[in-house]
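Protein chains in written order, with our numbering: chain W, 4 to 394; chain E, 505 to 834.
Careful: at least some of the hints might be erroneous.
FRET-style restraints, in silico, Cβ to Cβ [said to hold, decoys possible]:
1. E/Glu623 x W/Leu289: 48 to 54 Å
2. W/Pro141 x E/Gly541: 49 to 55 Å
3. W/Leu205 x E/Pro672: 43 to 49 Å
4. E/Pro592 x W/Glu217: 20 to 26 Å
5. E/His677 x W/Gly388: 30 to 36 Å
6. W/Glu217 x E/Asn743: 45 to 51 Å
7. W/Leu144 x E/Glu681: 49 to 55 Å
Derived by calculation from the structure, the hints in this document are not laboratory data. Note that the Cβ used here is the ideal one computed from N, Cα and C, for glycine as well.
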Amino acid sequence: MTDAVRTHAKVVAASGSVLGITGAFVAHGLIFRPNRIVNADPVSLWSALGTWGWVLVALWVAAGMLALSPLSERTRGVLVTILGGAAPALIIWRCGAEAAAYAARAGDVARTSLGATVWVSLFAGYMVIFAATAWLSPGPLRAGLTYAPVLAIAALIASGSLGELAIAREYANNADSFAREFRLHLTYVAASVGIGLVAGLLLGLLAARGRSLEAGVFGVLNVLQVLPTLAFIGLMSPVLASLSDHIALFARWGVRGVGWAPVIIVLSAYAVYPIARNTHAAIVSLDPGVLDAAQGIGMGKLRRLAEIELPLAMPVIIAGLRIALVQTTAGAIVAGLVGGGGLGTFVFLGAGETATDLILLGVLPIVALALMFDRGVLALQRALGDRKAHA
Amino acid sequence: MIETRELTKRYDGFTAVDRVSLSVAEGQFAVLLGPSGSGKTTLLRMLNRMVEPTSGTVLVNGQDTAGMQAEALRRSMGYVIQSTGLFPNMTIRRNVATVPRLLGWDRRRTDKRVDEMLELVGLDAKTYGPKRPDELSGGEAQRVGVARALAADPPVLLMDEPFGAVDPITREHLQIEMKRIQRDLRKTVVFVTHDIDEAVLLADSIALLRNGQVQQSGTPEDLWRRPANDFVRDFFGENLGLRIMARHCLSDVELDALPPDDSWHTLPAIVHGATLKEALAELVGTGAERLVVTVDGTPKGTADFASLMRALSAGVQCADGVRTGRGRDA
Ligand SMILES: Nc1ncnc2c1ncn2[C@@H]1O[C@H](COP(=O)(O)OP(=O)(O)OP(=O)(O)O)[C@@H](O)[C@H]1O
Ligand SMILES: [Mg+2]
C-alpha cells in the first residue's frame with residue numbers, strides 16, 4: 004500500500020462521513036403514509052429518529068474526525084471501520100423501529116418507506132469502510148469488521164424487526180412469488196453465464212489463433228455487445244416464434260418469441276464478450292518462449308492448452324467471468340419486461356403501479372447478488388493467486 | 505546419428521536455410537555458428553520438426569524423421585532455449601519432470617530422476633525443487649532448463665543460444681559444466697550460438713552458416729588452419745589462434761623433465777589444468793622462457809613455447825574434468 008493511497012483514504016473516509024451527516028438532515032429519510040396509495044411528504048432521518056438522530060450524527064462525526072486523526076494506522080482503521088458500519092446499521096434498525104411505531108399508531112394499512120437518504124447513508128458507510136480498510140492488513144480482523152454491518156442488517160431482517168417497513172410488507176404480500184422469481188433470476192444468471200463461459204472460452208481461444216479469426220470473432224461479438232437489449236430481443240422474437248411454429252420440439256420446450264428463450268440468448272450473448280475478450284488477451288500475451296519450450300520438449304496441443312496455456316491465463320479469464328457474472332445479474336432484469344419472470348417482475352410491476360417499495364423488492368436482491376458475486380469471484384481470484392505464489 | 509540432406513526452408517520466396525547437408529556423429533558436440541539471421545535457429549528447429557522443411561531430409565539414426573510422430577521425436581531430443589521457457593505455473597520439480605510424465609514414467613522413477621538431474625546441474629533438489637521459476641536467477645533458471653531437457657535421458661540435445669542471456673562469468677561456468685555433462689553422458693549435442701568464443705570452446709565440430717548456407721564445417725582447428733573462403737577467415741578474425749589455444753590444456757602437453765639442479769625454482773609455476781592460452785599469457789607476461797607445471801601442487805615438469813605448439817598440432821583437448829579455467833597456481 005502506497006503512502007498516496009493511505010492519504011487518499013483519509014479524504015475518502017472523511018468525505019463519506021460528511022455525506023452521512025448531510026444525509027441525516029436532508030428531508031428524504033423516511034416516508035410515512037396512511038396507506039399504500041396516498042402520497043406523503045418525506046421527513047429527514049434527523050427528525051424521524053428522535054434522540055437516535057443525535058447518536059447517528061455523533062457516529063458520523065466521530066468517524067470523520069478519527070479518520071483525520073494522527074492515531075496509529077491500525078487503531079484508526081479499526082475504529083473508523085466500526086463507526087462507518089455502525090451508522091448504517093443504526094439507521095436500518097431505527098427505521099424498522101419507527102415503522103413499527105407508526106404502524107401501531109396508524110393501523111395496518113399504514114406504510115413506512117425508506118427514502119433516498121437511507122440509501123445515500125448506506126453508500127456513505129460503504130465509502131468510510133472501504134477507505135478505512137486501506138489502513139488494515141488483510142486477515143480475519145479486517146474481513147470481520149467489514150462484513151459485521153452486513154451481518155447486523157441481515158440479523159435485523161431475520162429477526163423480523165424490520166417487518167413493518169413498506170418493502171418488508173411488499174415482500175410479505177409476495178413471499179411465494181418472490182422465492183420463485185428469485186430462483187428463476189438465479190437460473191437465468193447461471194445458465195447464461197455457463198453458456199457464456201463455454202462459448203467465450205472457445206471463441207477466445209479461436210480468436211487467439213490468428214489475426215483474421217480475431218477480427219471475425221470480435222467483429223460479431225462487438226455488434227452483439229452494442230445492440231440494445233430490447234432491440235436484440237425484438238429482432239429475435241419473430242425468429243424464435245417461427246422456429247417454435249415449425250419445430251415441434253421447440254414448441255414443447257416452450258420456446259416462444261417472448262419468455263425464457265430470448266432472455267437466455269440475449270444474456271448469454273452479452274456474457275460471452277468479457278470472457279472471450281479476456282481469454283483472448285491472456286492467451287496472446289503468454290510468453291512465447293514458454294510455449295516454444297512446451298512444444299519443443301514434446302507436449303501435444305491439448306496438453307499445452309490444459310497444462311500451460313489455460314492455467315497461466317486463468318486469473319485473467321476469471322476476471323472476465325467476474326464481469327460477466329455481475330453484468331448478467333443486473334441484465335436479467337429485462338426478463339421481467341418480456342414475460343420471462345425473474346426479479347425484474349417486481350421492478351416493472353412496481354414501476355407500473357408507481358409503488359417504489361415493490362421496485363426495491365426487485366432491485367435490492369439484485370444489488371446484493373451482484374455485490375456477492377463480485378466479492379466471491381474476487382476472493383477466488385485471490386486464493387488462486389496466493390496458491391500460485393506460495394505453493 | 506543426425507544427418508541432414510539438402511535441407512531447405514523457404515518463406516515466401518526467401519530462403520532461410522539453403523540445401524544444408526551436415527552430419528553429427530553420436531556423442532559429438534556440434535555447433536551451428538553464424539551471424540544473426542543466418543538460419544541457425546531455423547536449421548535447428550527443423551531437426552525436431554518445430555519447423556517443417558520445404559525440401560530435403562533429416563535422418564536420425566538413419567531414419568527419416570518425416571515419417572515419425574513429431575511429439576515422439578521431440579521427446580527423444582532435449583530442447584533448451586535462451587529464454588529458458590520454464591513453465592511459470594509449475595514448481596522446478598514439476599518442470600524437470602515434464603518429459604518423464606509425458607512418457608508415462610511412474611512416480612518413484614520420476615522423482616528419483618528429478619533429484620539426479622538437479623544434482624547434475626548443480627542445484628540442491630531440496631532447496632530448489634519446490635521453488636517457482638520466477639524465484640530463480642538467470643543462471644539457475646538456465647540450469648533447470650538443461651535439467652528438464654535431460655530428464656528423460658534423450659540421446660540428443662538441441663540448444664539454441666542457451667547461455668546468451670546470462671552474465672559472462674556465469675556463462676563461462678555453464679559452458680564448462682555443459683561440456684562436462686555432455687562428455688559424461690555422451691550426449692549428441694547440436695548447439696546454436698553466434699558467440700565465437702563459446703563455439704570454439706565447446707565444439708567438436710562447427711558448421712559456419714551465412715544466408716542459410718554452410719560456409720564450412722569441421723573442427724575448430726580445421727576452420728582455423730584451412731578456412732574455405734574469406735568469409736570464414738574474416739568471421740573468426742585474428743584471435744582464432746588464441747581461442748583455439750583455450751581449447752587445449754597443459755595436461756595434454758608432453759612436459760620436459762625438471763632439471764636436476766634447483767634452477768627451476770625461479771621459473772613461474774602453473775597448474776596442469778590451465779589452458780595453453782593461459783600458459784602463453786604467463787610466458788609473455790613474466791618474460792620467462794619456461795613454466796613449471798604442477799599437479800596438485802607438486803612440480804611435474806616444464807614446458808616452453810615449442811612444447812605448447814606441439815600439443816596444439818596434436819589436436820588433443822583437455823582430458824575430462826581437468827580444465828580449471830584458472831591459470832595461476834594458487
Ligand atoms: N516464420 C518465419 N517467417 C518468415 N521468415 C522467417 C521465419 N523464421 C525465420 N525467418 C527468417 O529466416 C532467417 C533466418 O532466421 P533464423 O531465426 O534461423 O536466424 P538465426 O541465425 O537463428 O538468427 P539469430 O542469431 O538472430 O537468432 C531470418 O532472416 C528470418 O527473418
Ligand atoms: Mg536464432
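message = Need the list of violated hint numbers for this structure, in ascending order.
response = Hint 1 alone not satisfied by this model.
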